[in-house]
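2 protein chains.
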Amino acid sequence: MKALEEKICREGKVYPGNVLKVGSFLNHQIDVPFMQQIGEEFHRLFQDEKITKVLTIETSGIPIACMTAVCFNVPVLFAKKHQTKNLSDDCYCTEIMSYTHGNSYQARIEKQYLSKDDTVLIIDDFLANGCALVGLMDLIEQAGAKCVGCGIVIEKAFQDGGQKLREMGVRVESLARIIRMDPETGIEFID
Amino acid sequence: MKALEEKICREGKVYPGNVLKVGSFLNHQIDVPFMQQIGEEFHRLFQDEKITKVLTIETSGIPIACMTAVCFNVPVLFAKKHQTKNLSDDCYCTEIMSYTHGNSYQARIEKQYLSKDDTVLIIDDFLANGCALVGLMDLIEQAGAKCVGCGIVIEKAFQDGGQKLREMGVRVESLARIIRMDPETGIEFID
Numbered sequence: 001m002k003a004l005e006e007k008i009c010r011e012g013k014v015y016p017g018n019v020l021k022v023g024s025f026l027n028h029q030i031d032v033p034f035m036q037q038i039g040e041e042f043h044r045l046f047q048d049e050k051i052t053k054v055l056t057i058e059t060s061g062i063p064i065a066c067m068t069a070v071c072f073n074v075p076v077l078f079a080k081k082h083q084t085k086n087l088s089d090d091c092y093c094t095e096i097m098s099y100t101h102g103n104s105y106q107a108r109i110e111k112q113y114l115s116k117d118d119t120v121l122i123i124d125d126f127l128a129n130g131c132a133l134v135g136l137m138d139l140i141e142q143a144g145a146k147c148v149g150c151g152i153v154i155e156k157a158f159q160d161g162g163q164k165l166r167e168m169g170v171r172v173e174s175l176a177r178i179i180r181m182d183p184e185t186g187i188e189f190i191d
Numbered sequence: 001m002k003a004l005e006e007k008i009c010r011e012g013k014v015y016p017g018n019v020l021k022v023g024s025f026l027n028h029q030i031d032v033p034f035m036q037q038i039g040e041e042f043h044r045l046f047q048d049e050k051i052t053k054v055l056t057i058e059t060s061g062i063p064i065a066c067m068t069a070v071c072f073n074v075p076v077l078f079a080k081k082h083q084t085k086n087l088s089d090d091c092y093c094t095e096i097m098s099y100t101h102g103n104s105y106q107a108r109i110e111k112q113y114l115s116k117d118d119t120v121l122i123i124d125d126f127l128a129n130g131c132a133l134v135g136l137m138d139l140i141e142q143a144g145a146k147c148v149g150c151g152i153v154i155e156k157a158f159q160d161g162g163q164k165l166r167e168m169g170v171r172v173e174s175l176a177r178i179i180r181m182d183p184e185t186g187i188e189f190i191d
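Which chain is which? The protein sequence lines are A and B, in order. Sequential numbering of the first sequence, starting at 1, is according to this note's numbering. Sequential numbering of the second sequence, starting at 1, is according to this note's numbering.
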């Protein structure tokens, strides 16, 4: 998605250690009108699937999931990372490694909100090593629901998550795929 | 907002200790088409203000803030509760008490995303003791920005947050105000 690549180049900041900050529009401040365009693009890509629910994980996936779910006229469900009193005990639960934070955490969804009748589109902001997506697919499988694929805003294609998932037969649609990035030389995309 | 009160009565579950669970549409699964109506209602209420930014706090406020910001055609900014490597050190920071979880936490926004030129609408899912809103107003004040008020989906009007804020002169618009709730006798609203 050309407009997204241009926005990443204009507003994104690359730091050593393959860190890309896009807090101006994606995961701190949210450019909601632009997220509408992102949502419409995911709708265009997955419109032939009979999606009943959009699944994401807190926090940064939520705005994108909402702007996508509007186009499909379906609810969003987000997996919770943090223990909260508002969550019942009757949950599907999976363990997800976070390389960014050097730990692992439990992601949970209440069983009542996902069932074998659901056809699910997963949405997230970033794809790097793919651990979060594999965790979300595990939750979908536990519920006996169907996963039609993953809609990703930015794929770090120099990490192996995307390749791993595609080799597993998962449909992964990334709107921008970064093959190389460097604080000095900038950001390079592949199609 | 009548449709909201009806939805709370139909889908909400009251537990002892004044706990109201609305995970079916507000803070776990999100009824996005319904959140669109909520956003339109906040737009109707605040349309005369020249809002440049919608501010909320992770996590549950984010979907509502996004569906509201769409109507104003402005960005959302959400305060972060959790330490993350993606946040710069150059932040406005405030301490918020959480009675729900019996602790306090730091809420942060990066300084570059809020300035004295901003006119801000605060959006959140719940108002009980008002600590989160006071914290968000503190962040706005630190930035020298203007706060036009708070749009709340559900106010627990039997707690004193709403009264405290209104006495401080803050415009608080709550779409449903619960004056009494009980697992046996149900939920009672006031206008």
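These are calculated hints, taken from the structure and not from any lab test. Do not take every clue at face value.
Note that the list lumps identical chains together, so a pair holds whenever it fits in one copy or between two copies.
Unchecked claim - Simulated pairs of lysine to aspartate or glutamate, DMTMM-like, Cα-Cα distance not exceeding 20 Å:
| id | residue 1 | residue 2 |
| --- | --- | --- |
| 1 | K21 | D90 |
| 2 | K21 | D138 |
| 3 | K81 | E58 |
| 4 | K21 | E58 |
| 5 | K50 | D90 |
| 6 | K21 | D89 |
| 7 | K116 | E58 |
| 8 | K2 | D31 |
| 9 | K111 | E41 |
| 10 | K7 | E40 |
| 11 | K13 | D90 |
| 12 | K2 | E141 |
| 13 | K164 | E58 |
| 14 | K116 | D160 |
| 15 | K111 | D89 |
| 16 | K13 | D31 |
| 17 | K21 | D31 |
| 18 | K111 | D31 |
| 19 | K111 | E11 |
| 20 | K21 | E110 |
| 21 | K146 | E11 |
| 22 | K21 | E188 |
Here is how each hint holds up against the structure:
1. K21 with D90: between (36 Å within a copy, 14 Å between copies)
2. K21 with D138: neither (28 Å within a copy, 26 Å between copies)
3. K81 with E58: The answer is both: 7 Å in one copy and 12 Å across copies each meet 20 Å.
4. K21 with E58: both (18 Å within a copy, 18 Å between copies)
5. K50 with D90: neither (27 Å within a copy, 45 Å between copies)
6. K21 with D89: Only across copies: K21 and D89 sit 13 Å apart there, 35 Å inside one copy, limit 20 Å.
7. K116 with E58: neither (23 Å within a copy, 30 Å between copies)
8. K2 with D31: within (16 Å within a copy, 31 Å between copies)
9. K111 with E41: neither (30 Å within a copy, 31 Å between copies)
10. K7 with E40: within (17 Å within a copy, 28 Å between copies)
11. K13 with D90: Close across copies (15 Å), not inside one copy (41 Å); limit 20 Å.
12. K2 with E141: neither (34 Å within a copy, 38 Å between copies)
13. K164 with E58: Neither. Shortest intra-copy (23 Å) and inter-copy (31 Å) distances fail the 20 Å Cα cut-off.
14. K116 with D160: neither (30 Å within a copy, 43 Å between copies)
15. K111 with D89: within (9 Å within a copy, 39 Å between copies)
16. K13 with D31: within (16 Å within a copy, 34 Å between copies)
17. K21 with D31: within (14 Å within a copy, 30 Å between copies)
18. K111 with D31: Answer is between: at 17 Å across copies they meet the 20 Å cutoff, but 32 Å inside does not.
19. K111 with E11: between (39 Å within a copy, 16 Å between copies)
20. K21 with E110: Cα proximity of K21 and E110: across copies only (12 Å, versus 32 Å in one copy).
21. K146 with E11: Neither, since 36 Å and 25 Å both go past 20 Å.
22. K21 with E188: Intra 15 Å, inter 46 Å, cutoff 20 Å: intra-copy only.
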